[in-house]
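There are 2 protein chains.
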Amino acid sequence: MKFIHTADWHIGRKLQQVDLLDDQEFVLNNLIEEIKEQDLDFIIIAGDLYDRSVPSREATTLLQELLIKINIECDLPIFAISGNHDSRERLAVGQAWFSKHNFYLATQLEDVFHKFQYKDADIYLLPYFEPYEAKVYFEDDKLTTHHTATKRVIDEIYKNIDESRINILVAHTFVAGADPTDSEREISIGTVENVGVNVFEKFDYVALGHLHNPNALNEERIKYSGSPLAYSFSESNQQKGVRLIELTKENFDDRFIPIKQKRKMHNIVADYDEIFSKEYREKFDTENDYFSMELGKLEGVTDPMPRIKEFYPNTLLLKSKAKRLDSSKNSVNKEMLKKNPLELIESFYEEQVLDTLTSTQREVLEQIIGEVEQDETN
Amino acid sequence: MKFIHTADWHIGRKLQQVDLLDDQEFVLNNLIEEIKEQDLDFIIIAGDLYDRSVPSREATTLLQELLIKINIECDLPIFAISGNHDSRERLAVGQAWFSKHNFYLATQLEDVFHKFQYKDADIYLLPYFEPYEAKVYFEDDKLTTHHTATKRVIDEIYKNIDESRINILVAHTFVAGADPTDSEREISIGTVENVGVNVFEKFDYVALGHLHNPNALNEERIKYSGSPLAYSFSESNQQKGVRLIELTKENFDDRFIPIKQKRKMHNIVADYDEIFSKEYREKFDTENDYFSMELGKLEGVTDPMPRIKEFYPNTLLLKSKAKRLDSSKNSVNKEMLKKNPLELIESFYEEQVLDTLTSTQREVLEQIIGEVEQDETN
Numbered sequence: 005m006k007f008i009h010t011a012d013w014h015i016g017r018k019l020q021q022v023d024l025l026d027d028q029e030f031v032l033n034n035l036i037e038e039i040k041e042q043d044l045d046f047i048i049i050a051g052d053l054y055d056r057s058v059p060s061r062e063a064t065t066l067l068q069e070l071l072i073k074i075n076i077e078c079d080l081p082i083f084a085i086s087g088n089h090d091s092r093e094r095l096a097v098g099q100a101w102f103s104k105h106n107f108y109l110a111t112q113l114e115d116v117f118h119k120f121q122y123k124d125a126d127i128y129l130l131p132y133f134e135p136y137e138a139k140v141y142f143e144d145d146k147l148t149t150h151h152t153a154t155k156r157v158i159d160e161i162y163k164n165i166d167e168s169r170i171n172i173l174v175a176h177t178f179v180a181g182a183d184p185t186d187s188e189r190e191i192s193i194g195t196v197e198n199v200g201v202n203v204f205e206k207f208d209y210v211a212l213g214h215l216h217n218p219n220a221l222n223e224e225r226i227k228y229s230g231s232p233l234a235y236s237f238s239e240s241n242q243q244k245g246v247r248l249i250e251l252t253k254e255n256f257d258d259r260f261i262p263i264k265q266k267r268k269m270h271n272i273v274a275d276y277d278e279i280f281s282k283e284y285r286e287k288f289d290t291e292n293d294y295f296s297m298e299l300g301k302l303e304g305v306t307d308p309m310p311r312i313k314e315f316y317p318n319t320l321l322l323k324s325k326a327k328r329l330d331s332s333k334n335s336v337n338k339e340m341l342k343k344n345p346l347e348l349i350e351s352f353y354e355e356q357v358l359d360t361l362t363s364t365q366r367e368v369l370e371q372i373i374g375e376v377e378q379d380e381t382n
Numbered sequence: 005m006k007f008i009h010t011a012d013w014h015i016g017r018k019l020q021q022v023d024l025l026d027d028q029e030f031v032l033n034n035l036i037e038e039i040k041e042q043d044l045d046f047i048i049i050a051g052d053l054y055d056r057s058v059p060s061r062e063a064t065t066l067l068q069e070l071l072i073k074i075n076i077e078c079d080l081p082i083f084a085i086s087g088n089h090d091s092r093e094r095l096a097v098g099q100a101w102f103s104k105h106n107f108y109l110a111t112q113l114e115d116v117f118h119k120f121q122y123k124d125a126d127i128y129l130l131p132y133f134e135p136y137e138a139k140v141y142f143e144d145d146k147l148t149t150h151h152t153a154t155k156r157v158i159d160e161i162y163k164n165i166d167e168s169r170i171n172i173l174v175a176h177t178f179v180a181g182a183d184p185t186d187s188e189r190e191i192s193i194g195t196v197e198n199v200g201v202n203v204f205e206k207f208d209y210v211a212l213g214h215l216h217n218p219n220a221l222n223e224e225r226i227k228y229s230g231s232p233l234a235y236s237f238s239e240s241n242q243q244k245g246v247r248l249i250e251l252t253k254e255n256f257d258d259r260f261i262p263i264k265q266k267r268k269m270h271n272i273v274a275d276y277d278e279i280f281s282k283e284y285r286e287k288f289d290t291e292n293d294y295f296s297m298e299l300g301k302l303e304g305v306t307d308p309m310p311r312i313k314e315f316y317p318n319t320l321l322l323k324s325k326a327k328r329l330d331s332s333k334n335s336v337n338k339e340m341l342k343k344n345p346l347e348l349i350e351s352f353y354e355e356q357v358l359d360t361l362t363s364t365q366r367e368v369l370e371q372i373i374g375e376v377e378q379d380e381t382n
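From first to last, the protein sequence lines are chains P and G. The first sequence begins at 5 in the numbering used here and counts up one residue at a time. The second sequence begins at 5 in the numbering used here and counts up one residue at a time.
So that you can see chain P by itself, here it is in the shape it has in the complex (with noise of 0.2 Å):
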């Protein structure tokens, strides 16, 4: 069993205002030339094919072009899910279609419980979803977490799961592993639902999709491809590509296979007058490449941009290292979990607009926090 796993294709992804059409074009075919110099069985894709559930004319256009060269043209079979990014109707059109094709694409719940057979591996597709989903289908109350849902689904799966043959399972979810990092921790105090590791240990391979960090989970078997393109700046010093899996019940192979890319990101962090030096622009592609900058001495440079944008015409997002809070760390800084909402506001302001709040900015935004606060003690 030989395929390719990849994943958060997001197309018609803007990046700060700019379309990243052409960006996405030049790498999906790229990642199409890999499947043509590679003999494989099948593709998978999980999840976040589109930016967004209504995805632009272009966009609809250039997921079509692709997938025609993926599944028609290279004859190859192709497993995909819908993520949290795609709407699961717009994505399903053609599926009846699709799949008297080998283009099995699951956007339901219950699409997974569907085994699909090939050669001598079951693949379940699992399309991302909300625990309350979870919860009408069991008709069980306690499935109120992506943890508790999840398992539940998993669960049903072992049931007739047949585990003489190589069992593939492809999820769109935010998966933690059993024992979290230092960083981890950090997220799971939040909002953010994550799914522990262990639920999938019947699995040979778990293909996933949502987190854009190839390297994000450290297991084996459990994998997310990343996105291949940086969707981010946050995103700049990830590899990008694709993962070629090679499997059988007995041998694992995993192989990172990096897609060239049209532009880079780069993030800045320089003096304003330095990037101007020949030597400095000598590093990038500077007509080319995206670019965040962070600079110092901005102080008394009343319109920096323009000048900037002379060199570096794709300069994307500008700030002052000066204002920024503490750029010593990469995790959620302590000292933002002191600051009251008012200035957690006003400091992100500054660090993004380079000034300080107005009289009249400040007491709008004293009376909404109070309004929200007053909201959830009732």
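Read the hints as simulated data drawn from the structure, not as lab findings. Do not rely on the hints blindly, as some may be mistaken.
Looking from chain G toward chain P, a few residues come up when the C-beta cut is under 8 Å (computed) [claimed, not checked]: (1) Thr65; (2) Asn88; (3) Glu93; (4) Val97; (5) Tyr122.
Facing chain G, according to a computed beta carbon distance under 10 Å, are these residues of chain P, among others [what the hints assert, rightly or not]: (6) Thr65; (7) Gln99; (8) Ala100.
A quick note: this is a predicted structure, and the numbers were derived from the prediction, not measured. For every residue, glycine included, the Cβ atom is placed at its ideal position computed from N, Cα and C.
The hints should help you fit chain G onto chain P, whose structure is shown.
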């Protein structure tokens, strides 16, 4: 060759803010029952499958269900085109897979130059297109009207037509008789473009969509099917259904098959008091049907709608009979042609709102009309 010709489903249509999806589901499922009764070769759907370029999720799901029933469950070939209400790109999703299951959908002008051979028939699918598309395609600046553009397209088809076979054209356009009637002549005074009927002389049957009245064109071999439901109160007296065509090179038989509707539409013209009597109400399925009321003797009645809705809950329109311009005429009102734009808007407003324009409204309108007229003379 035996087939059903339908068009203008307009799935997702609303009538005065009322969602017609239930009505559409009912009627189109009855159409499918009719399909099962007949031993058909195929079905033609001549455009405007959706009502809007971005159909709702519910509309998307309903159209999918209907097409699956027809093409997959009944295993009936479909020949369809996009209409002016459809988004080509969105309707085309899945097209590459549909065609592998005898569901042929044309959304681009150039698709018409591919001839579909089905038994002894050649079928040409001409989606709705704008004259400029033909202008670009043929590199001919003279193609500025629907008539000249369509004629050029058809002439191109005629270069390779095989007149020994049954030739069927499917199109979504406004075809006018060679000898227009009075009412058609009046329409052509406006900006609506039409295509002359003699353009189509080499076809054995032309299956048209666009006009909702099945009898809009009085030609033996060039027919509108009309919409399967009434979509405005002006259509309430039209027969609604599909055409059943039986066709050989020698014989032609056309039968209009009415399709059972969920609700009827009624244009009521009466005095206010009259409609509440038992005898009057017994003429209708008052709980169920849609009503447009044009009532006399409304003077002095301050808030008529609640009482009307008590007896006729699906009353969607209410006008005062007294305020009507000239209720005795059905065709374009001669009086209207003499009015200037402000007067036209004024009388429309009075008819709809049952009140006169305020001086501020008049001023704004005068300004806008002035600007538009200025633009036109530039």
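Hint numbers contradicted by this structure: The structure breaks hints 2 and 5; every other hint is satisfied.
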